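Number of protein chains: 2
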Amino acid sequence: MQAEIITIGDEILIGQIVDTNSAYISKELNKIGVSVYQITTVQDDKQHILKALAEAEENTDIIIVTGGLGPTKDDITKNTFCEYFDDRLVQNDEVLKHVELLFAKYFSMPISDVNRKQALVPSKAKVLKNRFGTAPGMWIEKNNKVFISLPGVPYEMRGLINYEVLPALQEKFQFPYIFHKTLITYGLGESIIAARLEKFEDHLPDNFKLAYLPNLGKVRLRLSSKGNNKENVEKEMNRLVKELIIHVEDIFIGFEEDGAIETVIGKDFIKNKITLASAESCTGGAIAKMLTSVAGASNYFKGSIVAYSSKIKQDILHVSSKTIEKYSVVSMQVAKEMAINCKKMFNTDYAIATTGNAGPTTDKTDKSVGVVFIAIATPNKVLVEEFNFGQPRERVIQRASVKSLEMLRKEILKNTLNSL
Amino acid sequence: MQAEIITIGDEILIGQIVDTNSAYISKELNKIGVSVYQITTVQDDKQHILKALAEAEENTDIIIVTGGLGPTKDDITKNTFCEYFDDRLVQNDEVLKHVELLFAKYFSMPISDVNRKQALVPSKAKVLKNRFGTAPGMWIEKNNKVFISLPGVPYEMRGLINYEVLPALQEKFQFPYIFHKTLITYGLGESIIAARLEKFEDHLPDNFKLAYLPNLGKVRLRLSSKGNNKENVEKEMNRLVKELIIHVEDIFIGFEEDGAIETVIGKDFIKNKITLASAESCTGGAIAKMLTSVAGASNYFKGSIVAYSSKIKQDILHVSSKTIEKYSVVSMQVAKEMAINCKKMFNTDYAIATTGNAGPTTDKTDKSVGVVFIAIATPNKVLVEEFNFGQPRERVIQRASVKSLEMLRKEILKNTLNSL
Chain B
1 MQAEIITIGD
11 EILIGQIVDT
21 NSAYISKELN
31 KIGVSVYQIT
41 TVQDDKQHIL
51 KALAEAEENT
61 DIIIVTGGLG
71 PTKDDITKNT
81 FCEYFDDRLV
91 QNDEVLKHVE
101 LLFAKYFSMP
111 ISDVNRKQAL
121 VPSKAKVLKN
131 RFGTAPGMWI
141 EKNNKVFISL
151 PGVPYEMRGL
161 INYEVLPALQ
171 EKFQFPYIFH
181 KTLITYGLGE
191 SIIAARLEKF
201 EDHLPDNFKL
211 AYLPNLGKVR
221 LRLSSKGNNK
231 ENVEKEMNRL
241 VKELIIHVED
251 IFIGFEEDGA
261 IETVIGKDFI
271 KNKITLASAE
281 SCTGGAIAKM
291 LTSVAGASNY
301 FKGSIVAYSS
311 KIKQDILHVS
321 SKTIEKYSVV
331 SMQVAKEMAI
341 NCKKMFNTDY
351 AIATTGNAGP
361 TTDKTDKSVG
371 VVFIAIATPN
381 KVLVEEFNFG
391 QPRERVIQRA
401 SVKSLEMLRK
411 EILKNTLNSL
Chain C
1 MQAEIITIGD
11 EILIGQIVDT
21 NSAYISKELN
31 KIGVSVYQIT
41 TVQDDKQHIL
51 KALAEAEENT
61 DIIIVTGGLG
71 PTKDDITKNT
81 FCEYFDDRLV
91 QNDEVLKHVE
101 LLFAKYFSMP
111 ISDVNRKQAL
121 VPSKAKVLKN
131 RFGTAPGMWI
141 EKNNKVFISL
151 PGVPYEMRGL
161 INYEVLPALQ
171 EKFQFPYIFH
181 KTLITYGLGE
191 SIIAARLEKF
201 EDHLPDNFKL
211 AYLPNLGKVR
221 LRLSSKGNNK
231 ENVEKEMNRL
241 VKELIIHVED
251 IFIGFEEDGA
261 IETVIGKDFI
271 KNKITLASAE
281 SCTGGAIAKM
291 LTSVAGASNY
301 FKGSIVAYSS
311 KIKQDILHVS
321 SKTIEKYSVV
331 SMQVAKEMAI
341 NCKKMFNTDY
351 AIATTGNAGP
361 TTDKTDKSVG
371 VVFIAIATPN
381 KVLVEEFNFG
391 QPRERVIQRA
401 SVKSLEMLRK
411 EILKNTLNSL
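Each protein sequence line maps, in turn, to chains B and C.
Read in our numbering, the first sequence has 376 at position 376, and its numbers run on one by one without any break.
Read in our numbering, the second sequence has 156 at position 156, and its numbers run on one by one without any break.
Since the hints were derived computationally from the structure, they do not count as laboratory data.
Only a predicted model underlies this, so the values are computations on that prediction, with no experimental measurement involved.
There may be inaccurate statements among the hints.
Copies of the same chain look alike in the list, so a pair counts if it fits in one copy or across any two.
Below are the DSS-like pairs computed for lysine-lysine, each with C-alpha atoms no more than 27 Å apart in a straight line [stated by the list, open to error]:
| # | residue 1 | residue 2 |
| --- | --- | --- |
| 1 | Lys226 | Lys51 |
| 2 | Lys46 | Lys145 |
| 3 | Lys181 | Lys145 |
| 4 | Lys51 | Lys145 |
| 5 | Lys199 | Lys46 |
| 6 | Lys199 | Lys51 |
| 7 | Lys364 | Lys273 |
| 8 | Lys235 | Lys273 |
| 9 | Lys381 | Lys27 |
| 10 | Lys27 | Lys51 |
| 11 | Lys145 | Lys31 |
| 12 | Lys326 | Lys273 |
| 13 | Lys414 | Lys230 |
Please build the complete structure, drawing on both the sequences and the hints.
And the structure:
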């Protein structure tokens with residue numbers, strides 16, 4: 001049983017926004033055992049939407065449409081649904097009440113005729129309640145296939161998927177189990193890894209698939225499988241993952257399913273009751289932002305000093321002016337002093353420091369664009385490494401941030417193992 | 001003349017990655033006058049790709065395929081192209097030399113058989129040089145339609161689009177001019193704005209289109225048009241934009257085409273030779289990260305103190321413990337002291353400060369989740385406002401960061417106007 005996601009919106013086709021909705025829906029569908037066959041983004045145009053619906057109906061059993069549900073003239077999904085299902089719009093009193101309530105609460109005003117239209121739905125549709133907005137979701141069945149329409153505003157869509165769509169799909173259908181396990185590797189290119197894994201791939205069972213996902217210096221290896229017997233698939237997956245690790249042991253750094261590095265580190269810190277701060281130059285707050293994106297970060301992350309000029313590195317972080325003069329502000333020695341002083345100022349167990357040239361220019365330093373020094377201060381030492389993260393700016397910042405958390409994690413693991 | 005983008009990759013269909021490539025390609029195509037008719041994401045499956053190619057050929061003149069070009073077994077684009085165009089793979093010596101050079105430079109090793117395969121391309125294809133990786137781009141023509149294949153790694157794809165694809169398309173075809181102008185509004189809902197604009201929309205010329213894009217408290221109004229006479233379309237666009245602004249003057253905050261708020265602010269700061277720092281609690285470095293994402297930010301942004309605990313607010317930012325005790329750490333008074341002290345410590349003209357509850361819990365404070373105080377210290381005063389950005393955490397952080405930059409911009413405009 002497969003699904004297709006149809007995204008309606010010129011704003012995606014002109015590149016004004018990135019379609020994050022489809023990725024979210026795909027991930028959630030996968031979790032309950034539904035594979036996504038295709039994602040199609042179409043124009044705000046009735047004929048185009050009708051064509052996409054007909055093609056999706058031919059290929060899949062579940063069709064999820066997002067967008068085109070607002071109260072304005074460019075929102076045409078509901079009328080298009082009426083034409084596709086030979087239906088007409090009728091007023092839904094429950095939706096009308098919900099819209100009236102939202103308006104009273106947030107705008108302290110009665111609703112207008114335009115808003116009233118939000119309560120019109122095709123007569124054949126079952127309404128799905130939108131907890132976070134006025135446009136209702138809709139569920140229409142035809143020849144045992146399900147058509148679902150959701151608003152395009154991301155948090156409204158997410159609410160509908162989790163509270164309405166997934167439970168309803170699981171009630172209606174029986175889905176298989178889908179498993180993914182993704183090994184993250186660092187240090188070798190895709191083709192070199194592929195050469196190592198040639199035999200492993202040749203002997204993969206038919207219901208397993210291996211994919212290579214290279215990006216930003218890492219190659220992720222994803223093993224995927226599907227089956228009706230949960231235990232069997234899981235057992236076979238575990239066996240294959242163990243075998244796969246043997247081939248890439250030297251470059252394996254973890255499983256993607258364990259979560260983002262900032263989430264994994266958060267758990268380490270809470271478990272070991274230790275604390276962290278950062279002193280950032282070229283990463284400009286990106287490390288602090290990553291760390292604080294995790295709920296509960298205040299339990300271990302005390303804060304950061306973004307020292308974006310030499311003067312601030314001296315005035316606030318107390319890096320010695322001699323060190324800066326002698327070695328330049330982008331240097332191993334400055335990174336080291338930043339980490340030591342940061343750890344002292346915030347009174348933490350660990351501290352991260354970065355200094356480098358994110359680019360596009362080198363700002364009077366003697367190091368080239370992309371060069372970054374990362375220092376990790378631990379309870380008993382300071383470790384510094386030099387990297388060249390290339391270009392462009394955005395990539396240098398991202399790679400430096402992720403790399404510093406990976407270095408930190410290695411140190412934590414070492415120290416907590418030693419203390420056993 | 002329209003284009004279709006076909007993205008190949010199970011990683012998108014299982015929601016493992018978000019397809020940012022299509023948005024990038026769409027935006028770049030629009031700039032040279034090419035409309036994107038559809039974006040289609042398909043599985044790593046030969047039959048599925050063949051089907052997508054045939055459908056795209058029926059609907060459009062330019063078909064851009066990304067992904068499936070690596071050297072590994074799951075990368076099947078080249079073989080699929082051979083089947084589609086009734087072609088065979090031949091070795092391209094230039095590509096081979098390029099791959100060998102890259103390997104010598106980055107891995108200090110000769111290439112393997114797997115890498116050598118990167119140099120195989122369909123005999124009918126013109127090779128497009130990949131400056132940032134080993135997999136070449138390809139350009140195949142059929143009945144005056146163009147098929148282009150690009151690697152899926154974002155920075156490799158971007159290099160190919162800008163250095164190879166766009167120039168080649170402009171040489172081959174004559175494109176019309178496409179214009180978009182997007183007004184950002186803040187403070188009213190989509191439906192209320194739509195009611196105001198009903199007449200304006202009814203009288204829009206046929207070659208103009210108005211779209212409503214609501215998200216995160218803002219509604220963007222996008223006027224789009226297309227035409228062969230650049231001057232005429234531009235003139236008509238300017239006239240309509242002026243008319244549109246009159247209807248929404250009270251909620252209009254700027255044009256999206258002027259760039260992201262952090263870019264706009266950067267220009268303000270450089271033009272006025274003024275400086276900035278931030279003191280962040282609930283935004284956790286997100287403001288510093290936004291500001292430093294702009295190249296050249298070091299000219300005006302001096303740094304940030306991320307004070308993620310009450311103690312750090314006292315120890316490093318010198319917020320008085322009495323203020324925290326009396327008003328709570330999430331309060332107007334604490335935000336104000338943070339901004340004043342930050343401005344002093346960094347010796348800047350302006351400072352931003354935030355304190356609030358990003359959630360999901362309120363961490364022993366007396367304010368509810370989503371409540372954020374933002375303070376802006378200017379050369380002659382301090383301004384503080386209270387907001388409720390709702391939920392979830394990620395949205396609170398994002399809205400608080402953007403809002404603080406919007407408040408800052410308003411103050412800069414006021415002060416620089418006064419000084420004229």
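Results of checking the hints against the structure:
Within a single copy, Lys226 and Lys51 get their C-alpha atoms only as close as 31 Å, which misses the 27 Å cut-off; across copies the closest is 24 Å, which meets it. In this homomeric assembly, Lys46 and Lys145 come within 27 Å of each other (Cα to Cα) both inside a single copy, at 21 Å, and across copies, at 26 Å. Taking the closest pair of Cα atoms, Lys181 and Lys145 never come within 27 Å of each other, the shortest separation being 30 Å inside a single copy and 40 Å across copies. Taking identical chains as interchangeable, the C-alpha atoms of Lys51 and Lys145 lie at most 27 Å apart whether they share a chain (17 Å) or sit on different chains (22 Å).
Taking the shortest alpha-carbon separations for Lys199 and Lys46, only the inter-copy value of 23 Å comes in at or below 27 Å, while the best intra-copy value is 50 Å. Within a single copy, Lys199 and Lys51 get their C-alpha atoms no closer than 44 Å, and across copies no closer than 31 Å, so neither meets the 27 Å cut-off. Taking identical chains as interchangeable, the C-alpha atoms of Lys364 and Lys273 lie at most 27 Å apart only when they sit on different chains, with a minimum of 20 Å there against 42 Å within one chain. In the homo-oligomer, the alpha carbons of Lys235 and Lys273 never lie at most 27 Å apart, since the shortest distance is 34 Å inside one protomer and 64 Å across protomers.
Taking the shortest alpha-carbon separations for Lys381 and Lys27, neither the intra-copy value of 41 Å nor the inter-copy value of 48 Å comes in at or below 27 Å. In this assembly of identical chains, Lys27 and Lys51 lie within 27 Å of each other by CA distance both inside one copy and across copies; the values are 26 Å within and 24 Å between. When the C-alpha separation of Lys145 and Lys31 is checked against a cutoff of 27 Å, the pair qualifies only within one copy, where the shortest distance is 20 Å, while the shortest distance between copies is 40 Å. In this assembly of identical chains, Lys326 and Lys273 lie within 27 Å of each other by CA distance neither inside one copy nor across copies; the values are 38 Å within and 30 Å between.
Taking CA atoms no more than 27 Å apart as the test, Lys414 paired with Lys230 passes in neither setting, with 35 Å inside one copy and 64 Å between copies.
Checked against the numbered hints given earlier, this structure breaks hints 3, 6, 8, 9, 12 and 13; the rest are met.
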